[in-house]
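> When you get a sec, could you build the whole thing from the sequences and use the hints?
Residues in the sequence shown are numbered consecutively from 39, following my numbering.
In short, the hints are calculated from the structure, not lab data.
Since the structure is predicted, the reported quantities are computational estimates derived from the model, not experimental observations.
Errors might be hidden in some of the hints.
[Stated by the list, open to error] Taking CB as the label site, the calculated pair distances span:
| id | residue 1 | residue 2 | range |
| --- | --- | --- | --- |
| 1 | C48 | Y80 | 46 to 56 Å |
| 2 | E55 | Y80 | 34 to 44 Å |
| 3 | L75 | H42 | 37 to 47 Å |
| 4 | W45 | R78 | 30 to 40 Å |
| 5 | Y47 | N67 | 26 to 36 Å |
| 6 | V44 | Y80 | 50 to 60 Å |
| 7 | I69 | T43 | 36 to 46 Å |
| 8 | N77 | T43 | 43 to 53 Å |
| 9 | R41 | I61 | 28 to 38 Å |
| 10 | T43 | Y80 | 47 to 57 Å |
| 11 | T49 | S73 | 33 to 43 Å |
| 12 | Y80 | H42 | 24 to 34 Å |
| 13 | D79 | S52 | 37 to 47 Å |
Cβ atoms here follow ideal geometry from the backbone N, Cα and C, with glycine treated the same way.
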Amino acid sequence: MHRHTVWDYCTGFSQIEEANREIGKTFYNRIRQLSVLINRDYS
39 MHRHTVWDYC TGFSQIEEAN REIGKTFYNR IRQLSVLINR DYS
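Set out below in structure tokens:
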């Protein structure tokens, strides 16, 4: 079994964090686009 070092966890977490940041950005942009569409429809 492969033993994980602290360094492995640190680099793994930083990669996950980076991915989450990208996902969060696209998610936020999509929500913003949706709200703009909804506002345009109901105004």
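> Each hint needs a verdict: does it hold in this structure or not?
Results for each hint:
1. C48 / Y80: 46 to 56 Å: This hint holds: roughly 47 Å between Cβ atoms.
2. E55 / Y80: 34 to 44 Å: For E55 and Y80 the Cβ distance comes to about 37 Å; the hint holds.
3. L75 / H42: 37 to 47 Å: 45 Å, holds
4. W45 / R78: 30 to 40 Å: 50 Å, violated
5. Y47 / N67: 26 to 36 Å: With Cβ atoms ~30 Å apart, the hint holds.
6. V44 / Y80: 50 to 60 Å: About 52 Å separates the Cβ atoms of V44 and Y80, which means 50 to 60 Å holds.
7. I69 / T43: 36 to 46 Å: The hinted range 36 to 46 Å holds for I69 and T43, with Cβ atoms some 38 Å apart.
8. N77 / T43: 43 to 53 Å: 50 Å, holds
9. R41 / I61: 28 to 38 Å: The hint (28 to 38 Å, Cβ to Cβ) holds, given that R41 and I61 are roughly 30 Å apart.
10. T43 / Y80: 47 to 57 Å: 54 Å, holds
11. T49 / S73: 33 to 43 Å: 36 Å, holds
12. Y80 / H42: 24 to 34 Å: Violated, at about 51 Å.
13. D79 / S52: 37 to 47 Å: 41 Å, holds
In the structure shown, a violation is registered for the earlier hints numbered 4, 12, in ascending order.
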